[in-house]
Structures are given as C-alpha cells and as structure tokens.
Amino acid sequence: MRHSFRLDHLEHLESEGIYVLREVAAQFERPVILFSGGKDSMVVVHLARKAFWPAKPPFPLVHIDTGHNFRETIEFRDALVKDWGLELVVGSVQESIDQGRVQEETGPNASRNWLQSVTLLDTIEAHSIDCAVGGARRDEEKARAKERFFSHRNAFGQWDPKNQRPELWDLFNGRKAPGEHFRVFPLSNWTEMDIWMYVRREEIRLPSLYFAHERPVFERKGMLLAVTDFIEPRASETVRTETVRFRTIGDATCTAAVPSTAADLDSVIAEVAAARMTERGGRVDDRRSETAMEDRKREGYF
Amino acid sequence: MDLLRFSTAGSVDDGKSTLIGRLLFDSKNLFEDQLQAAERVTKRRGQEGVDLALVTDGLRAEREQGITIDVAYRYFATPRRKFIIADTPGHIQYTRNMVTGASMTSLAVVLVDVRNGVVEQTCRHAFISSLLGIRHLVVAVNKMDLVDHSEEAFRKVEDEMDAFASRLDVAAITYIPISALHGDNVVTRSKHMPWYEGPSMLYHLENVRVGSDLNTTDARFPVQYVIRPQTKEHHDFRGYAGRVSGGVFRPGDRVRVLPSGFESTVESVQSAGRNLEEAFAPLSVVMQLADDIDISRGDLICKPGNQPEPSQDLDVMLCWFSGAKPLKRGAKLVARHTTREVQCLVEELTYTVDVNTLHRNEEVSELRMNDIGRVKVRTSEPLCVDAYRRSRATGSLILVDPFTHETVGAGMVRG
Chain A
0 MRHSFRLDHL EHLESEGIYV LREVAAQFER PVILFSGGKD SMVVVHLARK AFWPAKPPFP
60 LVHIDTGHNF RETIEFRDAL VKDWGLELVV GSVQESIDQG RVQEETGPNA SRNWLQSVTL
120 LDTIEAHSID CAVGGARRDE EKARAKERFF SHRNAFGQWD PKNQRPELWD LFNGRKAPGE
180 HFRVFPLSNW TEMDIWMYVR REEIRLPSLY FAHERPVFER KGMLLAVTDF IEPRASETVR
240 TETVRFRTIG DATCTAAVPS TAADLDSVIA EVAAARMTER GGRVDDRRSE TAMEDRKREG
300 YF
Chain B
38 MDLLRFSTAG SVDDGKSTLI GRLLFDSKNL FEDQLQAAER VTKRRGQEGV DLALVTDGLR
98 AEREQGITID VAYRYFATPR RKFIIADTPG HIQYTRNMVT GASMTSLAVV LVDVRNGVVE
158 QTCRHAFISS LLGIRHLVVA VNKMDLVDHS EEAFRKVEDE MDAFASRLDV AAITYIPISA
218 LHGDNVVTRS KHMPWYEGPS MLYHLENVRV GSDLNTTDAR FPVQYVIRPQ TKEHHDFRGY
278 AGRVSGGVFR PGDRVRVLPS GFESTVESVQ SAGRNLEEAF APLSVVMQLA DDIDISRGDL
338 ICKPGNQPEP SQDLDVMLCW FSGAKPLKRG AKLVARHTTR EVQCLVEELT YTVDVNTLHR
398 NEEVSELRMN DIGRVKVRTS EPLCVDAYRR SRATGSLILV DPFTHETVGA GMVRG
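If you're matching them up, the sequences are chains A and B in order. Per the working numbering, residue 0 is the first one in the first sequence, and the count goes up by one each step. Per the working numbering, residue 38 is the first one in the second sequence, and the count goes up by one each step.
It cannot be assumed that every hint is accurate.
Claimed, not checked - What the simulated footprint calls covered on chain B by chain A, stretch by stretch (three residues with Cβ under 8 Å from a Cβ of chain A suffice, anywhere in the stretch; the number is not a length):
#1 133 to 143
#2 233 to 244
#3 321 to 335
#4 429 to 442
Source of the hints: derived by calculation from the structure; they are not laboratory data. Ideal Cβ placement from N, Cα and C applies to all residues, glycine included.
Could you build all of it, start to finish, from the sequences and the hints given here?
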C-alpha cells in the first residue's frame, strides 16, 4: 500500500486525461474522437477505454482520410475498430475534391494536408458533431502551446487564439451556441516522451511504421520522404533503401522518416531521449511559414 | 517521476520569455530546430545572437508585436522532476491570464527588473497568487548584470517585496538574483554574485517541497459520470466515475452522498476494472457502493462527520473577466461548481480590492474587467462548498454568461 499519497507524472497525466474525457461525455451530445492511427490518438482511445470501463467509450472514431495513407495505418485502424468493437466514421478528402469543395494542389510538393480542414468541418457538420476530441499536445508546436483543454470553435469552425475563454482549475466550460463546436485535447500536458513511456507502461499497440524497417526513400530539403503512390521523386532525387522509422504518422506526402535502427519500444524511447530535433521537425506541413500551424488551426485544422 | 506545475508572471520587458527560454536551453530541453528557427528570425530582424523569447511567443500577433498575449504552456524535465510551466503575460487581460495560468499550479515565479524594483504589477502578481492559494512564491530579481550584480540593489527589492507580502497569505517567498540573458543563477550558480548563497532557480524548482499542499483529510468525490454498461456481461454494474479531489477512499468506508444525505458503504474502488486498495487526489477512479441509491452527476460523495454544508448563499472572492459587461448587483448567471451547474443571482457587491495597495473600496457599483472583489451570490439549488483555502476543487467556481456562454468570472469561496 502506498502511504506517501504521491503519483508519478504519468499517473497524473492519465488521471487528468480520463477526467477530461468524462467531462466530454457528460457535457456534449455527439462527441467523437479524431483518430489518425498515430500514437497520440491511440493513447486517447486507450484512455477512453479506461475512463468508461466496463462500458465502451461513448464516442465513435472519426478518421479524416486524405487518400494518401500509408497502407500500414489503414490496416491498423481497421483491425483496431474490429477488435474493440468501436464505431468508425471516415471523412474522405477525395470526396471533397470530387464534389468541388476543395481544389487539389499541384506540383512536386503538392499535399492534401491543408485540404483536410474542409473535409473535417464538413464531416462535423454532416454528423452534427458538437465536440471533436483530438490527440494534439501543447509541446508539439508553438501555436498549440496556447491551446485550452476545451477549445471553442465558432459556427465556421474557426479558432480565435487572441480571444480564448479563460480556463480555470479543472472547471471546463463546454457551453456554446447552436452550430458551434468544441475541440478537446485530453493530452494537452503530455510530451512526446510521456507518450512513449505511457505506451510502454500500458502496452498500447501501435502501427509498425513507428519502428525501424527498410523502405525506399529519397531526400528533399533535408528530409527523408518515403516513396509511395502519392509522391514522386524528381529526376534529381535518388531513391535508396534505408532503415528508417517515423516519429509522427500523417499524410504520406508530408511526413518524413528518420534513419533509425530502433525496432522496439525501449530503443525508441532511448532515441527520443537523445533526439535533438522536435518530432514535428519532420513535418513538411509546418515548414511552410513561421506560423503555419496557427494559420491552419484558425481555419479549422486539428 | 515527480511533477511540479508552476506559473511565471512579470511586467512587459522583465525578461520572462528569456528566462523560460534560458531554463529550457540550459537544461537541454530545447531542440535544434526550435533554436534554429529562433536564430533565423532574430537574424532577419537585424538583431544579434538568439532571441530566446521567440521560442515561447508562438502566435502571429505575438511575434509581430514582440509581446506575449495568451497563457502559453511549456514542458521540460530534468532527472529529478518534470515541470509544467504556465507562462502568463503581464499586460493585456492580465488578471484573466494570471488566474487562468495559476489556477492549477502550486508555485509562482514573479519576475522583477532590478532597476525598477517592485512595481504595481509585481504586487498584483503576488496578490493574485496568494488569492489563488499558491503557497510558494519565487521572486526572480532579473537583469542583475545591468546593476553590476550589486547586492544592495537586490536587497532593496527584497525589502520592498517583504513589506508588501507581509499582508498576504503566502507560506514561503524565495528571492533569487538572476540574469536571464546571460544565464546567471538560472541553471547554474553565478560566479558574478559571490554574496548570494542561495540556490539557482532550477535547483530550487527541482527541490522545493510542495507535497504538503495535498489535502488528505477532507474526503471529497464529485460524481462526474455514471457508468452503466447494460450489457449481458455487466448487467447490474453501476459505477460512479470521478476524480478524487481530497482525502482517501477505501473499500468498506462509510460514505455520505450530498445533497441527498443518503449513506452507504464503498464496495469497490476501481481503475479500468482493476480493484484498488485506496484512492486519493487527484486519481480518476470508479466507485461502487453497496446500496442502490439515486446518485447522478453533480452529487458529492464524502464521509459522515466531515462534509461541506449544502448552501444556497455563497460568499466569494470573484475575479471578473468580461470587458463587454461589467458585473452589477442583480445579475443572473450560470455557476459551475465541481461537476454541478446551477443558476445564480448576484445579491451584493461587498467591496473591490485595489490589487496594488490591497485597499478595499466599499463604494462599489460594479465589477469591471480585471477587477477582484467580494460578492454575495444566491444559487438556485444548494451547492456543497468548502472554503477555497481548505479545498481548491470544492471551493472554486466559475461564472458563465447565459447568453454568450463566455466564462466571465472565477470565484473562490471565503472562509
């Protein structure tokens, strides 16, 4: 028995995350979890299972599918939904393009990353979703460092970072006008290292992309991009096979690999501890401008 | 690993962002790409070196204006502790930001420019910290390099602050002379101030004991959600989900449910199906009781013999945030207390406090944005409140405008 009444930092973070998810279930009518298959959204789903055990989490998963996925991500997603008996809603960027809701970028750096916001907001509207829970963390990026746990979005899905509601103690205010919604971030206070340590402690399963494997890659602007059906190496870019892994899992066109031999959790954790670059340092989408993340978030991005 | 949440506050140009950048940088918690990005921008602006403030100021408007607008959260860890910093800007919406940032922390760092000494904002920060029940205050006396590391200048700030803080409810004030720009006494002890015998800022943050702030005597469990799977396997399962906000709950404990007053016995305390021997703050658990009694979200589980008295009349210290609507007597608002939401009526504005002088103004007709005052509130249903000093979770409430849905006030129950 513990007599010091002390929790370690992962227990603190877990308890906080579960508390936030229960507030979501209590305060909203149609909440969902935004699911990418990445490690952060897996931790959110894991917390949701713990929060409502032995009942199922009262949230369906929503996956915004750019159509530019790594095959491993989709296989992982489908197996998870089946094994845990969860409901899955897929919002398709391809459909948004086909319907003329968005126009696809062209050129060698073309990415559907920015288009996701429109598909996400359309999905939110189509399913009358009043709260979308995401796995974003404040330590990821400087605009995200300003996020609240309960983050208000107006009827256009926009974030107003200069006029956020004050958030006091753990009293979350999810009240809103019809047509507005909330984004909720239970992992706000987690760092990349916390996520990995928690994944190890709780034995959370992850897509194989996170662990070292061989794949054909090429270099662009100092980043290693995987050769897929969606991104073409230019004539000047040579393709070679390397042992790599991914630190984040996003759209295949803008998520860079890192050379790594870390094939299991312990070696991944050792690698994260020694890393000198942030995990989003490998995201082409953040490099478009100094405030790329804020600009996308204002428009309704994750 | 142990976790410490602390806030930082200071006036414009006190070097707060630089201090945080320095803490992250010198403790090797800054990454190369973050540093390179700050370096690039510094250079483009025609300045020298690296402006560490650029690492923390993330919003477009902040970078353009060179100021911090909203509370920003920073994370770093040393082998001893993990830290969460709530960095609160000192000027625009200062009370709102201070209160937001400080409400979940157990220590506050207040920056003072040694050349200016204790100014209005320093007093305000210290007062708000004490009002929020933060027992540990660190006064970082910055820019010591600009006064030739003079002990006299440092002692002068110490004396001014002691004079003001003697009227506040703070357990401990620690003064540290630093130069955030050059890193003196931030992570390592400075060679420039041999007269200073105390710890560096980081050493203090790593070693300060805040564990005694935890309330282990008053058992409080606000019910957040009722779990009823209604599946074949768990047909009769009925669990009360929530986060322990004080005290300890163990299987076999006799408990009382408020406001109904029904009593029962704790059958089990669980976490995701695993039975626990005990639950204490701030653990999120599921509790099952031996008797089938009517309990729903907003109810409070406590113990007979130690319970808050349900009351409809509250005496609170209130921070007001709305610029659009000052608070007037007779205002009708929504109050959120633990997991309960009720209507409320502001019956009396007793006084406002001048946060710079601590002077009470009893001739008060309204609370304007950033005002702090004592008010009497009548709620539509009884709330089970404790004094904030005794229990933060059951002694705090927020007020919400029923029309705009904005959070317009933060209240702390007196007593």
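Now for the hints, and whether the structure bears them out:
With 6 residues bearing a CB less than 8 Å from a CB of chain A, the segment 133 to 143 of chain B meets the requirement of three and the coverage assertion stands. Counting residues of the segment 233 to 244 of chain B whose CB lies closer than 8 Å to any CB of chain A gives 0, so the stated coverage by that chain is violated, three being the minimum. Remark: the segment 321 to 335 of chain B is confirmed as covered by chain A, as 3 of its residues place a Cβ nearer than 8 Å to a Cβ of that chain, reaching the required three. With 7 residues having a beta carbon nearer than 8 Å to a beta carbon of chain A, the segment 429 to 442 of chain B meets the requirement of three or more and the stated coverage holds.
In summary, the one numbered hint that this structure violates is 2.
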